[in-house]
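Full structure from sequences and hints, please.
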Amino acid sequence: MTVLEFDHVTKVYSVRGAGQIKALDDVSFTLESGRTIGLVGQSGSGKSTIAKILTQLETPTSGQVRLDGQPIPRRGAGLRAYRQTLRMVFQDPFASLNPYHSIRYHLERPLRLDAVVPQAELEDEVRRLLHRVRLEPDAVIDRRPHELSGGQRQRVAIARALASRPRLLVADEPVSMLDVSLRLGVLNLLADLGRDEGLGVLYITHDLATARHFSDEILVLNQGQVVERGTADDVILRPQHPYTRELRAASPDPEKHFASLSGSHGGAR
Amino acid sequence: MRDALLSVHDFSVTYDVDPPVEAVKHVTLELRRGEILGLAGESGCGKTTLAYGVQRLLKAPAVITSGSVVFHDASGEDVEVDRLDAEQMRRFRWDKVSMVFQGAMNALNPVAPIGAQLEDVFVVHRPQMSRAERREAVAELLEIVKVGRQRARSFPHELSGGMRQRVMIAMALALRPQLMVMDEPTTALDVLVQREILRQISQLRHEFGFTVVFITHDLPLLLEISDRIAIMREGEIVELDTAERIWTNPQDDYTKTLLSSFPRLTGERGVVVR
Numbered sequence: 001m002t003v004l005e006f007d008h009v010t011k012v013y014s015v016r017g018a019g020q021i022k023a024l025d026d027v028s029f030t031l032e033s034g035r036t037i038g039l040v041g042q043s044g045s046g047k048s049t050i051a052k053i054l055t056q057l058e059t060p061t062s063g064q065v066r067l068d069g070q071p072i073p074r075r076g077a078g079l080r081a082y083r084q085t086l087r088m089v090f091q092d093p094f095a096s097l098n099p100y101h102s103i104r105y106h107l108e109r110p111l112r113l114d115a116v117v118p119q120a121e122l123e124d125e126v127r128r129l130l131h132r133v134r135l136e137p138d139a140v141i142d143r144r145p146h147e148l149s150g151g152q153r154q155r156v157a158i159a160r161a162l163a164s165r166p167r168l169l170v171a172d173e174p175v176s177m178l179d180v181s182l183r184l185g186v187l188n189l190l191a192d193l194g195r196d197e198g199l200g201v202l203y204i205t206h207d208l209a210t211a212r213h214f215s216d217e218i219l220v221l222n223q224g225q226v227v228e229r230g231t232a233d234d235v236i237l238r239p240q241h242p243y244t245r246e247l248r249a250a251s252p253d254p255e256k257h258f259a260s261l262s263g264s265h266g267g268a269r
Numbered sequence: 001m002r003d004a005l006l007s008v009h010d011f012s013v014t015y016d017v018d019p020p021v022e023a024v025k026h027v028t029l030e031l032r033r034g035e036i037l038g039l040a041g042e043s044g045c046g047k048t049t050l051a052y053g054v055q056r057l058l059k060a061p062a063v064i065t066s067g068s069v070v071f072h073d074a075s076g077e078d079v080e081v082d083r084l085d086a087e088q089m090r091r092f093r094w095d096k097v098s099m100v101f102q103g104a105m106n107a108l109n110p111v112a113p114i115g116a117q118l119e120d121v122f123v124v125h126r127p128q129m130s131r132a133e134r135r136e137a138v139a140e141l142l143e144i145v146k147v148g149r150q151r152a153r154s155f156p157h158e159l160s161g162g163m164r165q166r167v168m169i170a171m172a173l174a175l176r177p178q179l180m181v182m183d184e185p186t187t188a189l190d191v192l193v194q195r196e197i198l199r200q201i202s203q204l205r206h207e208f209g210f211t212v213v214f215i216t217h218d219l220p221l222l223l224e225i226s227d228r229i230a231i232m233r234e235g236e237i238v239e240l241d242t243a244e245r246i247w248t249n250p251q252d253d254y255t256k257t258l259l260s261s262f263p264r265l266t267g268e269r270g271v272v273v274r
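Heads up: the sequence lines are chains H and W, in that order.
Residue 224 in full-length UniProt numbering sits at position 224 of the first sequence; the count goes up by one each step and never skips.
Residue 174 in full-length UniProt numbering sits at position 174 of the second sequence; the count goes up by one each step and never skips.
Keep in mind that the hints were calculated from the coordinates and are not lab data.
Using N, Cα and C, we set each Cβ at its ideal position, and we do this for glycine too.
This list has only true hints and no planted wrong ones.
What follows is a set of in silico ranges between Cβ atoms, one per label pair, in the way DEER data are often shown:
no.	chain 1	residue 1	chain 2	residue 2	range
1	W	Asn109	H	Arg134	44 to 52 Å
2	H	Asp233	W	Ala112	48 to 56 Å
3	W	Glu140	H	Gln240	40 to 48 Å
4	H	Val12	W	Ala116	36 to 44 Å
5	W	Glu143	H	Val12	34 to 42 Å
Okay, structure coming up:
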């Protein structure tokens with residue numbers, strides 16, 4: 001089922017001295033529930049503009065964004081309901097949680113604001129959310145963010161995003177600030193949640209390797225334009241557009257590196 | 001076998017807080033002249049503390065509790081870094097060993113033109129140089145790192161992230177050091193800019209022949225650029241071997257864990273259950 005639809009979206013910024021800059025140029029894609037789209041491209045390619053339009057921090061210059069076939073409401077109760085449907089997971093788990101508040105507070109707040117469960121069930125729901133992101137509720141519920149590791153914090157941020165029972169998750173570089181041994185855990189969690197809950201996930205990253213493994217489909221953005229799209233393996237393993245090839249050639253690839261060093265036998269791991 | 005440039009023996013650093021943290025534990029390491037040594041590990045493993053420690057750049061509460069560091073100068077003289085007095089240390093730093101700092105993109109002074117900041121290196125370390133000579137040296141450095149001499153009057157905010165990183169490399173290169181320590185020099189850059197900077201580092205190394213210690217948590221990157229890789233965990237080097245052997249035949253369990261933490265760009269899928 002199509003949840004989200006970008007329909008020929010263009011965003012132009014007027015910059016003093018530099019004239020007009022097309023941050024997005026006729027971008028169209030659809031996101032189905034339970035599927036993950038990887039959005040890759042270098043800095044300035046327009047990835048974040050898409051996230052900003054989705055969160056209604058920016059409005060498109062032309063074109064339309066539709067949720068369940070309806071345009072995104074601009075204000076009022078409609079906008080609130082929309083924001084309940086779409087949640088963000090940010091890059092920096094050290095900055096996205098409030099240092100003064102307990103984990104319980106972080107998760108209770110969206111539950112209260114969106115009246116997800118009756119008051120009496122708040123505690124149970126918070127514990128259920130922590131379970132879902134594979135944190136032990138008793139170990140973390142009364143702690144503050146600084147007492148948790150980066151990976152634990154990012155799990156709390158994901159639990160918070162899930163609290164309002166959204167249907168879409170926008171994850172903007174959700175693991176790039178985490179230690180490498182924690183990254184796969186968090187990405188696997190996102191993949192599981194996407195599948196189990198039928199969430200549509202937009203995974204924004206410049207890491208081609210994780211994009212390949214965690215996305216069903218990949219969109220390659222360059223200077224505001226989608227230059228290539230296709231299934232994850234097609235785009236990464238058999239890139240067609242020169243820009244995608246360039247991105248791939250620039251990404252570290254030990255397999256290929258050692259294979260080229262040792263001729264025929266290397267890289268077979 | 002290439003000769004040694006730096007010998008670190010039984011080196012330990014403790015952060016004297018309550019309770020004390022042993023950040024680096026009895027590290028012994030020999031750096032060979034001309035190699036790129038990758039230092040990999042996760043946050044808190046002690047890799048930056050080790051790199052700072054061997055140059056005695058640490059401040060209290062960090063305490064070097066044991067060990068010696070000997071720098072084998074190209075002149076044939078052995079410098080015992082831990083025995084230098086303050087003035088000798090000042091001369092030693094940047095002249096023999098320079099550093100590209102973590103977050104280098106923000107390490108430049110925002111209110112001074114980059115040319116003036118580069119000139120400072122010569123003012124302090126080469127006081128005999130005339131102003132015109134300094135200017136020329138700065139212009140030459142900016143040419144070498146392909147920022148261009150005409151940018152000497154630019155302020156840091158007028159340059160892109162990649163260009164600022166090049167300025168930092170120019171600064172580290174200024175006195176033609178024998179060792180350059182690079183602490184996460186490309187972490188904040190996107191892949192295309194990162195690749196350009198790496199290419200440039202490797203080219204400069206060919207030209208000027210310095211040795212590199214490259215610190216990062218990005219193991220796939222290290223596997224491509226390093227001659228040897230040291231894997232650090234909880235203050236200890238758990239494994240040190242050539243990049244190829246780390247890749248094909250890792251011995252330590254932690255090395256194996258790190259290797260398996262990175263999804264392969266082109267290899268088999270299956271790291272992830274999907």
